[in-house]
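**Student:** Here is how the chains run, residue by residue.
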Amino acid sequence: MTTQEQVRLIHQLADRIGRPLQLMEVCGTHTVSAFRSGLRSLLPAGVSLIAGPGCPVCVTPNPFLDRAIAVAHESGTAVATFGDMMRVPGTHGSLETARAGGCDIRAVYSPSDALKAARASPETRVVFLGVGFETTAPAVAWTIREAARAGVRNYSVLCGHKTMPFAMEALLRERDVEIDGFLCPGHVSIVIGARAYTFIATDFGIPCVVAGFEAADMLSAVRMLLEQVDGGAATVQIQYTRGVTEDGNLDAQNVMREVFDEDDAEWRGLGNIPRSGLSIREEFAQHDAERVFSAIQVPEPAEPSGCICGDILKGKKRPTDCPLFRTRCTPSSPVGACMVSGEGTCAAFFKYHKGQD
Amino acid sequence: MCLAVPAKIVEINGETAILDMEGVRREGIISLINDPRPGDYVLLHAGFAIRKWSEADVREWREIMEEAGALEQ
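For the protein sequence lines, the chains are A and B, in the order given. In this text, residue positions in the first sequence follow the numbering used here: the first is -10, and each later residue adds one. In this text, residue positions in the second sequence follow the numbering used here: the first is 495, and each later residue adds one.
Don't take every hint at face value.
[As the list claims (entries may be wrong)] Calculated pairs, DSBU-like style, for lysine-lysine (alpha carbon to alpha carbon, straight line, at most 30 Å):
hint	chain 1	residue 1	chain 2	residue 2
1	A	Lys340	A	Lys305
2	A	Lys105	B	Lys502
3	B	Lys502	A	Lys306
FYI, nobody ran anything at the bench for these hints, they're computed from the structure.
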């Protein structure tokens, strides 16, 4: 189906449904793709895309960052992290400011680079910041298992991994955001499989479509969601067939299960969500930075005043509702996490929003 | 952050492989996918292959990218 045909169908379906619809794209990569491609401008006035809590950097709360910075101050320690985390403001400065102050903090492309660094300098305690959803968690789990197998004692992970399905449920339970359908994250779903969202469709009656990341993928997924709403259906469909299966990647799930336990997790803005995170199993305690550095002092966390990142992550408010947006909070001088990451809703609005709704 | 890019397996060395990403070569870990072979296309995320692509998947991806004008042939 061509893009024009998709758009025509979407408009027909929206007319027939005859009420405003809010579709949440859960993943930050979807948010950026929708803006960059101008997809929002192709949708009917009544169909809105709202950004969800799918930017891992954005939902990582201050206590995690503060702990990471405190670990970086320990002598003989190097902190390795995905580059996106560097500029996120914690309670007292960021990883970047800590590095400027003399801490050994390195941006890496892959957790395997952090493990390599640990192998290369056995006298340095290398701590990788485990941030990310189910797409990333298997890779980090692999490094922990590998460190245990090969006896790399100076490698550990500060685990802040989060998982998507129960966070989506939490949003539905809050009920202060109307959600008529979910565009489910494509690469998270490669790992967990489409079946992971079945309870959202059956228990909450919310249509779900697992979408790819190109504009054409997202348009197809929007059309599929509208078809479900129009037909009174609520099922989980896969638009991203070149990535996602019902069962997901079993090898990746296995390494996650081997290394991590499901756990409750603290999300910036959303608070504590049961079963929405991962913690390192007792068996791998030696590679769990939380345990290795259990004695360090972490300052009392505080959120920046006036920042509405929390409501933005829930889809409740938009960046343009924030008094700090484009004034005190900009990509070059961010106040909140959502302005730092390229996938943050505020950063995407800042870069691309020109009257797009 | 959940970005993943397609890459072709050039050479396998245990759990690691040399991957070709539209002309750029780098190392990646292939132990999270089933039965990787040289010539296979994979989706690479944070240095790890997380999914193997079939010929049809590669074709579909190329068509979409061509439509978007993002891939120079």
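**Student:** A/Lys105 and B/Lys502 were given as a pair; does the straight-line alpha-carbon distance stay at or below 30 Å?
**Tutor:** holds, 23 Å
**Student:** So if I understand the rule, the pair passes when the alpha-carbon distance is 30 Å or less; does B/Lys502 with A/Lys306 pass?
**Tutor:** violated, 42 Å
**Student:** Measure nothing beyond the straight line between the CA atoms of A/Lys340 and A/Lys305; if it is 30 Å or shorter, mark the hint as holding.
**Tutor:** holds, 21 Å
Checked against the numbered hints listed earlier, the structure breaks hint 3 alone; every other hint is satisfied.
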